[in-house]
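J.: What follows is each chain in one-letter form.
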Amino acid sequence: GAVVSQHPSWVICKSGTSVKIECRSLDFQATTMFWYRQFPKQSLMLMATSNEGSKATYEQGVEKDKFLINHASLTLSTLTVTSAHPEDSSFYICSARATESSGANVLTFGAGSRLTVL
Amino acid sequence: GENVEQHPSTLSVQEGDSAVIKCTYSDSASNYFPWYKQELGKRPQLIIDIRSNVGEKKDQRIAVTLNKTAKHFSLHITETQPEDSAVYFCAASFSGGYNKLIFGAGTRLAVHP
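Respectively, the protein sequence lines represent chains A and B. Numbering-wise (the numbering used here), the first sequence opens with residue 21 and increments by one. Numbering-wise (the numbering used here), the second sequence opens with residue 776 and increments by one.
Calculated from the structure, these hints are not laboratory results. A few of these clues could be false.
Stated by the list, open to error - Examples of chain B residues toward chain A, derived with CB under 8 angstroms:
hint: 1; residue: Pro809
hint: 2; residue: Pro857
hint: 3; residue: Phe864
hint: 4; residue: Phe878
Unchecked claim - To be clear about the criterion: a stretch of chain A counts as covered by chain B if any three or more of its residues have a C-beta under 8 angstroms from a C-beta of chain B, and this derived list gives those stretches:
hint: 5; stretch: 64-73
hint: 6; stretch: 127-136
Unchecked claim - Dumping the calculated DSS-like pairs for lysine-lysine here, alpha-carbon to alpha-carbon at most 30 angstroms:
hint: 7; chain 1: B; residue 1: Lys797; chain 2: B; residue 2: Lys812
hint: 8; chain 1: B; residue 1: Lys843; chain 2: B; residue 2: Lys812
hint: 9; chain 1: A; residue 1: Lys75; chain 2: B; residue 2: Lys797
hint: 10; chain 1: A; residue 1: Lys61; chain 2: A; residue 2: Lys84
hint: 11; chain 1: A; residue 1: Lys34; chain 2: B; residue 2: Lys832
hint: 12; chain 1: B; residue 1: Lys846; chain 2: A; residue 2: Lys61
hint: 13; chain 1: B; residue 1: Lys817; chain 2: B; residue 2: Lys832
hint: 14; chain 1: A; residue 1: Lys84; chain 2: A; residue 2: Lys34
hint: 15; chain 1: B; residue 1: Lys797; chain 2: B; residue 2: Lys817
hint: 16; chain 1: A; residue 1: Lys75; chain 2: A; residue 2: Lys86
hint: 17; chain 1: A; residue 1: Lys86; chain 2: A; residue 2: Lys61
hint: 18; chain 1: A; residue 1: Lys61; chain 2: A; residue 2: Lys40
hint: 19; chain 1: B; residue 1: Lys812; chain 2: B; residue 2: Lys846
hint: 20; chain 1: B; residue 1: Lys833; chain 2: B; residue 2: Lys846
hint: 21; chain 1: B; residue 1: Lys833; chain 2: A; residue 2: Lys40
hint: 22; chain 1: A; residue 1: Lys40; chain 2: A; residue 2: Lys86
hint: 23; chain 1: B; residue 1: Lys812; chain 2: B; residue 2: Lys832
hint: 24; chain 1: A; residue 1: Lys61; chain 2: A; residue 2: Lys34
hint: 25; chain 1: B; residue 1: Lys833; chain 2: B; residue 2: Lys817
hint: 26; chain 1: B; residue 1: Lys846; chain 2: B; residue 2: Lys797
hint: 27; chain 1: A; residue 1: Lys40; chain 2: B; residue 2: Lys812
hint: 28; chain 1: B; residue 1: Lys797; chain 2: B; residue 2: Lys832
hint: 29; chain 1: A; residue 1: Lys40; chain 2: A; residue 2: Lys75
hint: 30; chain 1: B; residue 1: Lys817; chain 2: A; residue 2: Lys61
hint: 31; chain 1: A; residue 1: Lys61; chain 2: B; residue 2: Lys832
hint: 32; chain 1: B; residue 1: Lys832; chain 2: B; residue 2: Lys846
hint: 33; chain 1: B; residue 1: Lys833; chain 2: B; residue 2: Lys797
hint: 34; chain 1: A; residue 1: Lys84; chain 2: B; residue 2: Lys817
hint: 35; chain 1: A; residue 1: Lys61; chain 2: B; residue 2: Lys812
hint: 36; chain 1: A; residue 1: Lys75; chain 2: B; residue 2: Lys832
hint: 37; chain 1: B; residue 1: Lys797; chain 2: B; residue 2: Lys843
hint: 38; chain 1: A; residue 1: Lys86; chain 2: B; residue 2: Lys817
hint: 39; chain 1: A; residue 1: Lys84; chain 2: A; residue 2: Lys40
Even for Gly, the Cβ is constructed at its ideal location relative to N, Cα and C.
Okay, chain A solo, but in the shape it has when bound (with noise of 0.2 angstroms):
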């Protein structure tokens, strides 16, 4: 099946510092890729719709210039936090829609990103 690679796992950084998180669509190309925040306890809120080749999508009360989407190839998405603070620190997790073989549209998530800002 499809898989969705997303690095680093785990990063702790100083406040202030910008982190980048990547996501890969290992055998698949996606042209839409999803970033959500969860955190503990809670579910899952969409951030943004990555899109190849052109700007990011941003749900209504996410700072696009915090949180800086980049979608330059049909494999790769980034999510960068610029300037985090401790209320940045949560799990940030990608997603890919890729097409099975039945030719229905399934999002694949991630392993997701436990971001810890200090």
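Position chain B against the provided structure of chain A, taking the given hints into account.
T.: Just chain B now, kept in the frame of chain A:
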């Protein structure tokens, strides 16, 4: 707006019993409804999904039903086992460009031996 409501937030059952989780969605144009299982510290895993052209789908002990008129869909797990214990999320696709998925708040299922 785009909204998915999920109930209950927690569910505790005895092994062998059935478990039912219910979700409602706001957009009548939504046409794809997946269910994900997430174990602690792991990524969500798709367990079953249903599209708006069918009313029910079953896969072994798991089934999903969809009522488009009521904008309501449910997950049914029969003969529950301890390994079914996890957080379950429903989701609905929302129209407008990329069919993004909006998730429900999740249901923490505990199956007791």
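J.: Now tell me if each hint is right for this structure.
T.: Verification of the supplied hints:
Of the supplied interface hints, the one on Pro809 (chain B) holds, with its beta-carbon coming within about 7 angstroms of a beta-carbon of chain A, less than 8 angstroms. Interface hint status for Pro857 (chain B): violated, as the beta-carbon distance to the closest one in chain A is roughly 20 angstroms, over 8 angstroms. The interface hint given for Phe864 (chain B) holds, since its Cβ lies 6 angstroms from the closest Cβ of chain A, which is under the 8 angstroms cut-off. Proximity of Phe878 (chain B) to chain A holds as hinted, the smallest CB-CB distance being about 5 angstroms (cut-off 8 angstroms).
Requiring three or more residues with a Cβ within less than 8 angstroms of a Cβ of chain B, the coverage given for the stretch 64-73 of chain A holds, as 5 such residues are present. Look at the stretch 127-136 of chain A against chain B: 6 of its residues bring a Cβ nearer than 8 angstroms to a Cβ of that chain, three or more, so the hint holds. Of the pairs offered as hints, the one joining Lys797 (chain B) and Lys812 (chain B) holds, with about 14 angstroms between alpha carbons and a cut-off of 30 angstroms not exceeded. In summary, the hint linking Lys843 (chain B) to Lys812 (chain B) is supported, as the alpha carbons are separated by about 23 angstroms, within the 30 angstroms threshold.
A C-alpha spacing of about 35 angstroms is found between Lys75 (chain A) and Lys797 (chain B), which places the hinted pair above 30 angstroms, so the restraint is violated. Restraint check: the Cα-Cα separation between Lys61 (chain A) and Lys84 (chain A) comes to about 25 angstroms, which is no more than 30 angstroms; the hinted pair holds. The straight-line distance between the Cα atoms of Lys34 (chain A) and Lys832 (chain B) is roughly 48 angstroms, outside the 30 angstroms bound, and the hint therefore fails. A hinted pair counts as satisfied when its Cα atoms are at most 30 angstroms apart, and Lys846 (chain B) with Lys61 (chain A) qualifies at roughly 26 angstroms.
Only pairs whose Cα atoms come within 30 angstroms are accepted, and Lys817 (chain B) paired with Lys832 (chain B) is accepted, the gap being roughly 26 angstroms. A distance of roughly 21 angstroms separates the Cα atoms of Lys84 (chain A) and Lys34 (chain A); the hinted pair therefore holds under the 30 angstroms criterion. A threshold of 30 angstroms between alpha carbons decides the hint, and for Lys797 (chain B) with Lys817 (chain B) the separation of about 23 angstroms falls inside it, so the pair holds. This hinted pair checks out: Lys75 (chain A) and Lys86 (chain A) have alpha carbons roughly 14 angstroms apart, not beyond 30 angstroms.
As the CA atoms of Lys86 (chain A) and Lys61 (chain A) are separated by approximately 24 angstroms, the hinted pair is consistent with the 30 angstroms bound. In summary, the hint linking Lys61 (chain A) to Lys40 (chain A) is supported, as the alpha carbons are separated by about 24 angstroms, within the 30 angstroms threshold. With a C-alpha separation of about 22 angstroms, the suggested pair Lys812 (chain B) and Lys846 (chain B) falls inside the 30 angstroms cut-off, and the hint holds. Taken as a hint, the Lys833 (chain B) and Lys846 (chain B) pair is honoured in the structure, with Cα atoms around 19 angstroms apart against an allowance of 30 angstroms.
This hinted pair does not check out: Lys833 (chain B) and Lys40 (chain A) have alpha carbons roughly 40 angstroms apart, beyond 30 angstroms. Between Lys40 (chain A) and Lys86 (chain A) the alpha-carbon distance is near 12 angstroms, which keeps this suggested pair within the 30 angstroms criterion. With a C-alpha separation of about 17 angstroms, the suggested pair Lys812 (chain B) and Lys832 (chain B) falls inside the 30 angstroms cut-off, and the hint holds. In summary, the hint linking Lys61 (chain A) to Lys34 (chain A) is supported, as the alpha carbons are separated by about 24 angstroms, within the 30 angstroms threshold.
For the suggested pair Lys833 (chain B) and Lys817 (chain B), the alpha carbons sit about 25 angstroms apart, so the restraint of at most 30 angstroms is met. At roughly 11 angstroms between alpha-carbon atoms, Lys846 (chain B) and Lys797 (chain B) fall within 30 angstroms of each other, so this suggested pair holds. The hinted pair formed by Lys40 (chain A) and Lys812 (chain B) meets the criterion: a straight-line CA distance of about 27 angstroms does not exceed 30 angstroms. The hinted pair formed by Lys797 (chain B) and Lys832 (chain B) meets the criterion: a straight-line CA distance of about 15 angstroms does not exceed 30 angstroms.
Our distance criterion of 30 angstroms between C-alpha atoms is met by Lys40 (chain A) and Lys75 (chain A), whose separation comes to about 17 angstroms. Between Lys817 (chain B) and Lys61 (chain A) the alpha-carbon distance is near 12 angstroms, which keeps this suggested pair within the 30 angstroms criterion. At roughly 29 angstroms between alpha-carbon atoms, Lys61 (chain A) and Lys832 (chain B) fall within 30 angstroms of each other, so this suggested pair holds. Between the alpha carbons of Lys832 (chain B) and Lys846 (chain B) the distance comes to roughly 16 angstroms, so the proposed pair stays at or under 30 angstroms and holds.
The straight-line distance between the Cα atoms of Lys833 (chain B) and Lys797 (chain B) is roughly 16 angstroms, inside the 30 angstroms bound, and the hint therefore holds. Among the hinted pairs, Lys84 (chain A) with Lys817 (chain B) is consistent with the structure: their alpha-carbon atoms are about 27 angstroms apart, no more than 30 angstroms. Restraint check for Lys61 (chain A) and Lys812 (chain B): the C-alpha separation of about 13 angstroms stays at or below 30 angstroms, so the hint holds. Proximity of Lys75 (chain A) to Lys832 (chain B) is assessed by CA-CA distance (about 37 angstroms); at most 30 angstroms being required, the pair is judged violated.
For the hint linking Lys797 (chain B) to Lys843 (chain B), the alpha-carbon distance of about 14 angstroms falls within 30 angstroms, and the restraint holds. A hinted pair counts as satisfied when its Cα atoms are at most 30 angstroms apart, and Lys86 (chain A) with Lys817 (chain B) qualifies at roughly 26 angstroms. Annotation: proposed proximity of Lys84 (chain A) to Lys40 (chain A) holds, straight-line Cα distance about 14 angstroms (limit 30 angstroms).
Hints 2, 9, 11, 21, 36 from the earlier list are contradicted by this structure; the remaining hints agree with it.
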